[in-house]
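First residue of the sequence shown: 46, per the numbering used here; consecutive thereafter.
Some clues are possibly wrong.
[Claimed, not checked] With a cut-off of at most 20 Å between alpha-carbon atoms, the simulated DMTMM-like pairs for lysine to aspartate or glutamate come out as follows: (1) Lys266 / Glu237; (2) Lys266 / Asp181; (3) Lys187 / Asp208; (4) Lys266 / Glu305; (5) Lys266 / Glu277; (6) Lys266 / Glu225; (7) Lys266 / Asp208; (8) Lys266 / Glu288; (9) Lys86 / Glu305; (10) Lys56 / Glu79; (11) Lys187 / Asp172; (12) Lys187 / Glu140; (13) Lys266 / Asp209; (14) Lys86 / Glu277.
[Stated by the list, open to error] Listed next, with one range per pair, are the computed distances between beta-carbon atoms: (15) Glu210 / Gly128: 30 to 36 Å; (16) Lys86 / Ala267: 28 to 34 Å; (17) Met82 / Asp181: 34 to 40 Å.
Please keep in mind that the hints were generated in silico from the structure rather than gathered at the bench. Backbone N, C-alpha and C define an ideal beta-carbon position, used for all residues, glycine too.
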Amino acid sequence: MAGVANDGNSKPATAARIYDFHLGGTHNFTADREAAMAITKMFPFVPLLARNNRAFLRRAVRHLASQGITQFLDVGSGIPTEGNVHEIAQEIVPEARVVYVDIDPVAVSESLDLLAGNHNATAIRADLRDPQSILDNPQVRKIIDFDQPVGLLMVAVLHFVADDEVASQSVRELLAPLSEGSYLVISHGSAEGMQRDLTNLDDAQAVYKRDTATPFVLRSKAQVATYFEGLELVEPGVVWLPEWRPGADDPQDFTDRPTESGGVCAVGILR
Numbered sequence: 046m047a048g049v050a051n052d053g054n055s056k057p058a059t060a061a062r063i064y065d066f067h068l069g070g071t072h073n074f075t076a077d078r079e080a081a082m083a084i085t086k087m088f089p090f091v092p093l094l095a096r097n098n099r100a101f102l103r104r105a106v107r108h109l110a111s112q113g114i115t116q117f118l119d120v121g122s123g124i125p126t127e128g129n130v131h132e133i134a135q136e137i138v139p140e141a142r143v144v145y146v147d148i149d150p151v152a153v154s155e156s157l158d159l160l161a162g163n164h165n166a167t168a169i170r171a172d173l174r175d176p177q178s179i180l181d182n183p184q185v186r187k188i189i190d191f192d193q194p195v196g197l198l199m200v201a202v203l204h205f206v207a208d209d210e211v212a213s214q215s216v217r218e219l220l221a222p223l224s225e226g227s228y229l230v231i232s233h234g235s236a237e238g239m240q241r242d243l244t245n246l247d248d249a250q251a252v253y254k255r256d257t258a259t260p261f262v263l264r265s266k267a268q269v270a271t272y273f274e275g276l277e278l279v280e281p282g283v284v285w286l287p288e289w290r291p292g293a294d295d296p297q298d299f300t301d302r303p304t305e306s307g308g309v310c311a312v313g314i315l316r
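Sequences and hints are given; from them, build the entire structure.
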C-alpha cells in the first residue's frame, strides 16, 4: 500500500528504495533499510547528501519551468517523495507534462498511484542503458512532444551506470531527438576534493554490488562535464550540489564546504 512501510523480506534492495530511505520515505523494504543503514554506518553523512541532491533537483526544475519548459523527462526518477518534478513544475506552469522513468517496478507503481487523476504526468518502467526503449515508449510519445523543448533530467542516476562509455552513449541517445531550447540536468556522485576518510568507500560500493542490481561508480567534475559537450552550460556551470543557485530554503549542511556534499551537478541548454 502506498505510503506504508513494507515488510518485503523477499524483495531485493534497489537504489531507488535505498535513496527513499535516506530521504526519510516509507516506500522501502527490509533489504533496502538494511543496505541503507550499512552504508550510513560507514558514512553517516549520506542522508545529508540525499537531501542536498533533492534540493538541487527542485532548484533546477524551477529554473527550467521559469524559462518556459513545459515538458519533462525524468530518467531515474526513483520513489515519489515531497517536491516531485510535476508538483514543482505545475506550480509554475500548470499545464506542465512529466514522464517519470525508473527501472524499479515499485518506484513506477508508487509513482502511478501518486499520479492517479493527473493527466499530464505518468511513469514508465525502463532501463537508462536502453535509451531507445524510453524514447519509443507509447506513453512517452503520448505526453512528450519532441518537436518542442524538453527538460531531460538525469539526477543521481548516471553513477549507477558503471561503464563510462555506456553512460555517455545513453546521454547522447536521449539528447539526440530533443529540439533546440531543450535542457539537460545532471547530478552525479563524486568524492573529488573530499577531506573525509574514504577508506570504507570500497565497502560501500560492495553493498550496492552485492545487494542491488545497480552498483555505483563515482566520477570527477571533468568526467561529468563531458556529458554536456555540445550544450551551453547554464551559470554557474559544473559545480558542487550546494553551489548551483542555492536558495534560502535549501539545506545548509555543506554551504561552507561544498566539496563535502558528495555530488557535482550542472544544467545545460541545447542551442
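These are the hints, each one checked on the structure:
1. Between Lys266 and Glu237, the direct Cα distance comes to roughly 8 Å. Compliance with the 20 Å bound is thereby established for this hinted pair.
2. The suggested pairing of Lys266 with Asp181 is violated, with an alpha-carbon distance near 31 Å, which exceeds 20 Å.
3. Among the hinted pairs, Lys187 with Asp208 is inconsistent with the structure: their alpha-carbon atoms are about 31 Å apart, more than 20 Å.
4. Straight-line distance between C-alpha atoms of Lys266 and Glu305 comes to about 14 Å, which keeps the hinted pair within the 20 Å bound.
5. Taken as a hint, the Lys266 and Glu277 pair is honoured in the structure, with Cα atoms around 16 Å apart against an allowance of 20 Å.
6. For the hint pairing Lys266 with Glu225, the CA-to-CA distance comes to about 25 Å; that exceeds 20 Å, so the pair is violated.
7. This hinted pair checks out: Lys266 and Asp208 have alpha carbons roughly 17 Å apart, not beyond 20 Å.
8. Of the pairs offered as hints, the one joining Lys266 and Glu288 holds, with about 13 Å between alpha carbons and a cut-off of 20 Å not exceeded.
9. Using a Cα cut-off of 20 Å, the hinted pair Lys86 and Glu305 holds, with the two alpha carbons roughly 17 Å apart.
10. At most 20 Å may separate the alpha-carbon atoms for a hinted pair to count; Lys56 and Glu79 meet this at roughly 12 Å.
11. For a cut-off of 20 Å, the pair hint linking Lys187 to Asp172 stands: about 19 Å separates their Cα positions.
12. Taken as a hint, the Lys187 and Glu140 pair is honoured in the structure, with Cα atoms around 15 Å apart against an allowance of 20 Å.
13. This hinted pair checks out: Lys266 and Asp209 have alpha carbons roughly 14 Å apart, not beyond 20 Å.
14. For the hint pairing Lys86 with Glu277, the CA-to-CA distance comes to about 40 Å; that exceeds 20 Å, so the pair is violated.
15. Against the hinted window of 30 to 36 Å, the Cβ-Cβ separation of Glu210 and Gly128 comes to about 33 Å, which satisfies the hint.
16. Against the hinted window of 28 to 34 Å, the Cβ-Cβ separation of Lys86 and Ala267 comes to about 31 Å, which satisfies the hint.
17. For Met82 paired with Asp181, a C-beta distance near 39 Å keeps the hint of 34 to 40 Å intact.
Going down the numbered hints, you'll see the structure goes against 2, 3, 6 and 14, while the others check out.
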